[in-house]
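For reference, the chains in residue letters:
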Amino acid sequence: GDSVTQMEGPVTLSEEAFLTINCTYTATGYPSLFWYVQYPGEGLQLLLKATKADDKGSNKGFEATYRKETTSFHLEKGSVQVSDSAVYFCALSGNDYKLSFGAGTTVTVRA
Amino acid sequence: ETGVTQSPTHLIKTRGQQVTLRCSSQSGHNTVSWYQQALGQGPQFIFQYYREEENGRGNFPPRFSGLQFPNYSSELNVNALELDDSALYLCASSLALDEKLFFGSGTQLSVL
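Residue numbers (the working numbering), protein chains in the order written: chain A, 1 to 111; chain B, 1 to 112.
Keep in mind that a hint or two might mislead.
[Unchecked claim] Pairs of lysine-lysine residues, derived as DSSO-like cross-links and limited to a Cα-Cα distance of at most 30 angstroms, are as follows: (1) A/Lys-68 with A/Lys-56; (2) A/Lys-49 with A/Lys-60; (3) A/Lys-60 with B/Lys-100; (4) A/Lys-68 with A/Lys-52; (5) B/Lys-13 with A/Lys-56; (6) A/Lys-52 with B/Lys-100; (7) A/Lys-49 with B/Lys-13; (8) A/Lys-49 with A/Lys-68; (9) B/Lys-100 with A/Lys-68.
If you're looking for bench data, these hints aren't it; they were derived computationally from the structure.
Next comes chain A alone, as it looks inside the complex (with noise of 0.2 angstroms):
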């Protein structure tokens, strides 16, 4: 069945520094891909998303591209801040329109 790979947290990092968080996924066909980020206290909000191969989904300084060859969608931001200190969870979605989700990636930035 469907699945989805990340990177193991937490991460945790200083104000201005590079993130990367890593996901790959198992699929048949060619399903969508989505980047959720869940802030303390609160429910899960849409991040980025990119449908077909070699898309790339783009948001609050986030980019993530749909890489068909590796069957990644790795998150990438260049310089984060504070108030992006959340978990970040890649997750996919095929024809039945359920959301296959990774573990989660706790992010903590420090100032």
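Assemble the complex: chain A is given as a structure, and chain B must be docked to it using the hints.
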């Protein structure tokens, strides 16, 4: 425009009891999905309702059941609670079967 709201926010039950969790979908959304998020894990798909009909189910036993009402709000019912049912239960709504889900803040269920 109101977002997805879930009630209650926290709940404590004992093993063997039954529980009902509620979700009001975002205005205009007719699809509701439920997810279980155990501590330190990603959310796991329970089931989805579209126009009051179940439209897909994850790997959960039959004691997990649901309903969607004509106003598209939804309930998740869990019978014969087990300790492993302790988790954050997330509801998400979407416009038809569109992929963009809007999540509520969840109900934290503790089973003692």
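Worksheet item: Taking each numbered hint in turn, which are not upheld by the structure, reported in ascending numerical order?
Response: 5 and 7
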